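Start from the sequences, fold in the hints, and give me the full structure.
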Amino acid sequence: MPSDMANDPITRNAVSIGVATAVYAVSFGVLSIAAGFSVAQTCVMSLVCFTGASQLTFVSVIGAGGGVAGALPPALLLAGRNALYALSLRGVLSGTVRKRALRAQVVVDETTAMAHAQSTLAAKRRAFDLTALCLFTAWNIGTLLGALAGRGLGNPRDYGLDAVFPAVFLALLAPQLRGPDAMRVAAAGALIALALVPIAPAGLPIIASALGAVPVLLGAGRRRSRVAVAQAPEAGR
Amino acid sequence: MSWWPVFVLCASAYALKLIGLVVGARLDSETSERWSLEIVVVPVLAALIVIQTFSTGQRFVLDARAPALLVAAVLAWRKAPFVVIALAAAATAALLRLVG
Chain H
106 MPSDMANDPI TRNAVSIGVA TAVYAVSFGV LSIAAGFSVA QTCVMSLVCF TGASQLTFVS
166 VIGAGGGVAG ALPPALLLAG RNALYALSLR GVLSGTVRKR ALRAQVVVDE TTAMAHAQST
226 LAAKRRAFDL TALCLFTAWN IGTLLGALAG RGLGNPRDYG LDAVFPAVFL ALLAPQLRGP
286 DAMRVAAAGA LIALALVPIA PAGLPIIASA LGAVPVLLGA GRRRSRVAVA QAPEAGR
Chain V
209 MSWWPVFVLC ASAYALKLIG LVVGARLDSE TSERWSLEIV VVPVLAALIV IQTFSTGQRF
269 VLDARAPALL VAAVLAWRKA PFVVIALAAA ATAALLRLVG
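Top to bottom, those sequences are chains H and V.
Just so we're on the same page, this note's numbering is the position in the first sequence counted from 1, plus 105.
Just so we're on the same page, this note's numbering is the position in the second sequence counted from 1, plus 208.
Just so you know, these hints were derived from the structure itself, not from any lab.
Since we're looking at a predicted model, the values are computed, not measured.
Relax, there's no trap hidden among the hints.
Just a few of them, taken from the derived set where beta-carbon distance is under 8 angstroms, the chain H residues facing chain V: (1) Asn118; (2) Val149; (3) Met150; (4) Leu177; (5) Ile297; (6) Val302; (7) Ala315.
Footprint (simulated), chain V over chain H, 3 or more residues, beta carbon under 8 angstroms: (8) 159 to 171; (9) 180 to 192; (10) 213 to 224; (11) 266 to 280.
Beta carbons: idealized from backbone N, C-alpha and C, even for Gly.
Structure representation (structure tokens):
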């Protein structure tokens with residue numbers, strides 16, 4: 106491996122996210138086969154759907170006998186946050202219509218968090234693309250391996266891998282917590298989500314947590330319109 | 209298993225991503241005001257962290273993931289490299305489960 110690649114934090118972080126994801130992809134492959142999907146169907150889901158939490162929920166519910174009608178709503182609720190992510194990535198998702206449509210496909214937790222953890226727009230775009238590349242490769246190779254291998258690979262929990270994702274997201278959230286506004290918004294989001302856990306279906310608490318940003322967004326809008334009002338007379342002169 | 213559930217899942221998952229992209233692009237052209245929409249990701253990531261750590265399904269669960277997150281928080285605060293944070297969290301959870 107060239108040394109400049111090893112020394113670049115964005116590349117290094119993207120690769121480590123890929124490695125952790127691959128292990129989860131293997132368990133998705135295993136679960137999907139166990140739920141009755143074929144190897145081809147399992148791989149198409151990872152290639153075309155490419156939304157880890159939704160896919161896992163979808164095959165788990167079907168595997169547990171919940172049927173498609175029972176599996177689709179929770180899977181889509183979990184995928185719903187990607188709409189918020191795509192909205193927040195405006196500016197980062199650049200290029201021609203075709204490139205943006207392609208980038209939209211890889212808008213997920215990891216790519217969004219990596220992009221927003223960078224401070225310049227160029228770094229955000231590079232982090233998004235590199236993470237997407239590592240994640241897409243890892244998720245699909247892992248899925249294929251899991252689908253072919255079937256059961257008996259052990260539980261990812263035994264290796265503590267379920268603790269890796271919150272740790273990774275915390276490491277990516279930390280640089281975004283500049284200033285009291287961001288801290289308050291993060292705390293509000295966490296509290297909203299926790300309050301909804303026992304009563305709302307999976308996926309909804311995470312989407313609803315975005316409401317934690319509303320006071321700050323409204324405040325910013327108000328500040329901007331005050332500035333606009335203050336500047337208006339000058340513009341008239 | 210028939211193919212239609214696979215297609216429905218794939219199509220709706222992509223549609224959700226596209227909705228955000230299209231709405232974001234429209235906002236950009238319609239309003240000159242630059243709302244800092246990046247802030248929306250902060251509560252969502254915070255929610256993701258606490259949900260993935262303290263719950264399983266609709267139940268609150270306090271297990272090896274909580275001390276692992278604590279270790280990760282200390283390391284993130286000390287500005288440890290990303291890989292160290294991820295490995296330390298996995299090792300903490302795995303060791304605690306091995307012992308407990």
